[in-house]
Amino acid sequence: MACVVACKRENDVPEEHYRTRVVEIVEGKFPKLRMELRPELCNHCENAPCVYNCPTGASYKRKDGIVMVDKKKCVGCKACMAACPYDARFIDPRNGAAHKCTLGEHRIIDGKDPACVTTCISGARIFGDFNDPQSPVSRILAERHVRTLIPEAGTKPTIYYIGLELLT
Amino acid sequence: MKEISIIGINEITYPHLDIWNWTIALYLYLGGMVAGLMILGAISQLRSSPITEKATDRPVSCYMAPILSPILLSIGMLFIFLDLTRKLNSFWFYLNFNIMSPMSWGAWGVGIIIPVSALWAISSLPGSYLDKLKRWKFIPYLYNKLVPYRDKLARLNCGLGIFLGIYTGVLLSSFVARPLWNSAILPILFLNSGLSTGAALLIIIAKDRMEKVFFTKADIALIATEIVIIILFYYAHLTSTSPHVESIAPFFTKGYYFPFWITVFLLGIFLPMALVLDVARVKGFSVLGLEKLRIHLSACLVLIGGLVTRLAFVYVGQLSSLSDIVKR
Ligand code: SF4
Ligand code: SF4
Numbered sequence: 001m002a003c004v005v006a007c008k009r010e011n012d013v014p015e016e017h018y019r020t021r022v023v024e025i026v027e028g029k030f031p032k033l034r035m036e037l038r039p040e041l042c043n044h045c046e047n048a049p050c051v052y053n054c055p056t057g058a059s060y061k062r063k064d065g066i067v068m069v070d071k072k073k074c075v076g077c078k079a080c081m082a083a084c085p086y087d088a089r090f091i092d093p094r095n096g097a098a099h100k101c102t103l104g105e106h107r108i109i110d111g112k113d114p115a116c117v118t119t120c121i122s123g124a125r126i127f128g129d130f131n132d133p134q135s136p137v138s139r140i141l142a143e144r145h146v147r148t149l150i151p152e153a154g155t156k157p158t159i160y161y162i163g164l165e166l167l168t
Numbered sequence: 001m002k003e004i005s006i007i008g009i010n011e012i013t014y015p016h017l018d019i020w021n022w023t024i025a026l027y028l029y030l031g032g033m034v035a036g037l038m039i040l041g042a043i044s045q046l047r048s049s050p051i052t053e054k055a056t057d058r059p060v061s062c063y064m065a066p067i068l069s070p071i072l073l074s075i076g077m078l079f080i081f082l083d084l085t086r087k088l089n090s091f092w093f094y095l096n097f098n099i100m101s102p103m104s105w106g107a108w109g110v111g112i113i114i115p116v117s118a119l120w121a122i123s124s125l126p127g128s129y130l131d132k133l134k135r136w137k138f139i140p141y142l143y144n145k146l147v148p149y150r151d152k153l154a155r156l157n158c159g160l161g162i163f164l165g166i167y168t169g170v171l172l173s174s175f176v177a178r179p180l181w182n183s184a185i186l187p188i189l190f191l192n193s194g195l196s197t198g199a200a201l202l203i204i205i206a207k208d209r210m211e212k213v214f215f216t217k218a219d220i221a222l223i224a225t226e227i228v229i230i231i232l233f234y235y236a237h238l239t240s241t242s243p244h245v246e247s248i249a250p251f252f253t254k255g256y257y258f259p260f261w262i263t264v265f266l267l268g269i270f271l272p273m274a275l276v277l278d279v280a281r282v283k284g285f286s287v288l289g290l291e292k293l294r295i296h297l298s299a300c301l302v303l304i305g306g307l308v309t310r311l312a313f314v315y316v317g318q319l320s321s322l323s324d325i326v327k328r
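Residue numbers (the working numbering), protein chains in the order written: chain A, 1 to 168; chain B, 1 to 328.
None of these hints come from the bench; they were simulated from the model.
One or more of the hints may lead you astray.
[Said to hold, decoys possible] Subject to a maximum C-alpha distance of 30 Å in a straight line, what follows is the list of computed DSS-like cross-link-like pairs (lysine-lysine):
hint, chain 1, residue 1, chain 2, residue 2
1, A, Lys156, A, Lys72
2, A, Lys61, B, Lys87
3, B, Lys87, A, Lys71
4, B, Lys87, A, Lys8
5, B, Lys134, B, Lys152
6, A, Lys71, A, Lys61
7, B, Lys87, B, Lys207
8, B, Lys132, B, Lys207
9, A, Lys72, B, Lys87
10, B, Lys292, A, Lys73
Here the structure is a predicted model, which is why all the values come from computation and not from measurement.
With the sequences and hints as input, model every part of the structure.
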């Protein structure tokens with residue numbers, strides 16, 4: 001769970017709240033058990049319902065595809081939270097504004113990976129630019145079978161999973 | 001056997017979304033009721049022609065529905081304002097219009113409806129009220145300017161009432177992420193329920209027997225329609241995807257919401273209808289062999305039923321999700 005801790009530390013995430021989580025799913029009957037560990041975060045959806053449901057334009061999508069919240073414009077109506085099928089948002093109790101994963105935008109400007117990616121000891125999290133065909137994520141997308149979470153919601157997530165099997 | 005644990009849970013991630021509470025339910029309830037008042041008040045005003053200026057013997061609904069509309073809607077707005085976590089930023093609602101956001105439509109819609117219904121209310125004031133309000137000079141002034149347009153204002157408010165009633169349902173039904181709400185039937189259900197609660201309020205405040213019977217008859221038809229819409233709502237969910245099927249389960253399985261929902265059905269729908277069903281058989285409006293108490297009790301139950309319906313939908317809707325980790 002190093003990613004959960006690193007994210008909290010890096011992004012000054014308020015107490016008792018998290019931008020990313022790891023879902024642990026165990027299926028079957030002892031001793032025949034299967035387990036999946038699934039890190040979850042904002043999917044930076046292409047067709048983001050949090051953005052098109054936001055009445056003030058506080059939730060917006062940057063040109064590079066990162067979905068962000070402009071705190072100045074946020075009224076705290078929580079429409080974006082109700083609209084997100086992945087429950088990736090929460091209200092920051094310190095200022096009342098919607099809060100979510102920013103994909104480590106302050107780090108990627110400097111060419112670094114997001115903190116959750118850097119800290120992941122097994123390299124399970126991979127970050128990159130889909131527009132660059134040479135980036136590791138583009139290569140994986142081309143070579144491996146990948147899936148997204150809740151594709152039926154029609155949000156077109158940009159977070160992809162390899163080997164997503166259980167419960168989806 | 002399936003076991004799920006989540007490390008790094010948000011308050012909202014587990015066990016379920018919990019962001020909107022009774023304030024939103026009350027906003028939707030008052031919005032729906034005002035929609036009903038606007039539509040029924042306009043109909044009542046347009047059919048009680050010719051309208052003599054300052055007439056004091058007009059049906060109560062002709063002036064009380066317009067007067068109550070902006071007042072109740074403003075109270076509703078107050079409740080949604082209470083729910084905002086950054087209240088000082090509220091002006092941003094009006095610096096932006098997002099065509100895809102029902103919340104944006106609502107902010108602008110309600111912002112327009114309150115003044116328009118207030119103008120209609122002024123144009124509908126009876127003489128006795130005008131005399132009392134004389135010290136605010138702008139009221140008689142506006143009254144004289146607006147009276148020639150009263151019928152036009154009534155028509156406009158009727159249209160805005162339909163918008164408002166449907167909007168209270170669209171606000172919830174537009175969320176794909178919440179299967180219980182995500183139904184095209186919900187706005188129709190809320191519009192109908194709004195009309196029903198609007199009629200119930202008019203039954204209570206009407207003085208005239210004829211008027212009480214008229215709105216009671218209207219309410220019987222509306223309650224009957226509501227039963228059909230509710231059945232269709234559940235049928236549509238039952239025959240849809242598994243998240244939709246699971247989303248209605250709290251209403252029908254043992255637990256907190258089951259007795260809650262049965263109460264809505266029995267106390268808010270069947271009992272009020274049973275109490276006044278014989279009014280439907282009254283021919284014309286002059287024969288009123290009914291006790292006032294029965295009609296009033298029925299109307300009160302409809303009002304309570306409408307409120308409990310909104311509360312139930314707001315809370316149970318947040319239990320529903322497309323995500324596998326939220327399902328229990
Ligand atoms: S995961 Fe949720 S918060 Fe993130 S972009 Fe998609 S809808 Fe918005
Ligand atoms: S809470 Fe803030 S970001 Fe979310 S929809 Fe409302 S205004 Fe937009």
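So, going through the hints one by one against the coordinates:
1. A:Lys156 - A:Lys72: holds (27 Å)
2. A:Lys61 - B:Lys87: holds (24 Å)
3. B:Lys87 - A:Lys71: Within the cut-off at roughly 13 Å; holds.
4. B:Lys87 - A:Lys8: Satisfied, since the Cα-Cα distance of roughly 27 Å is no more than 30 Å.
5. B:Lys134 - B:Lys152: Holds, at about 25 Å.
6. A:Lys71 - A:Lys61: Distance of about 14 Å is within 30 Å: holds.
7. B:Lys87 - B:Lys207: violated (41 Å)
8. B:Lys132 - B:Lys207: Satisfied, since the Cα-Cα distance of roughly 20 Å is no more than 30 Å.
9. A:Lys72 - B:Lys87: holds (12 Å)
10. B:Lys292 - A:Lys73: violated (52 Å)
The structure shown violates the earlier hints numbered 7, 10.
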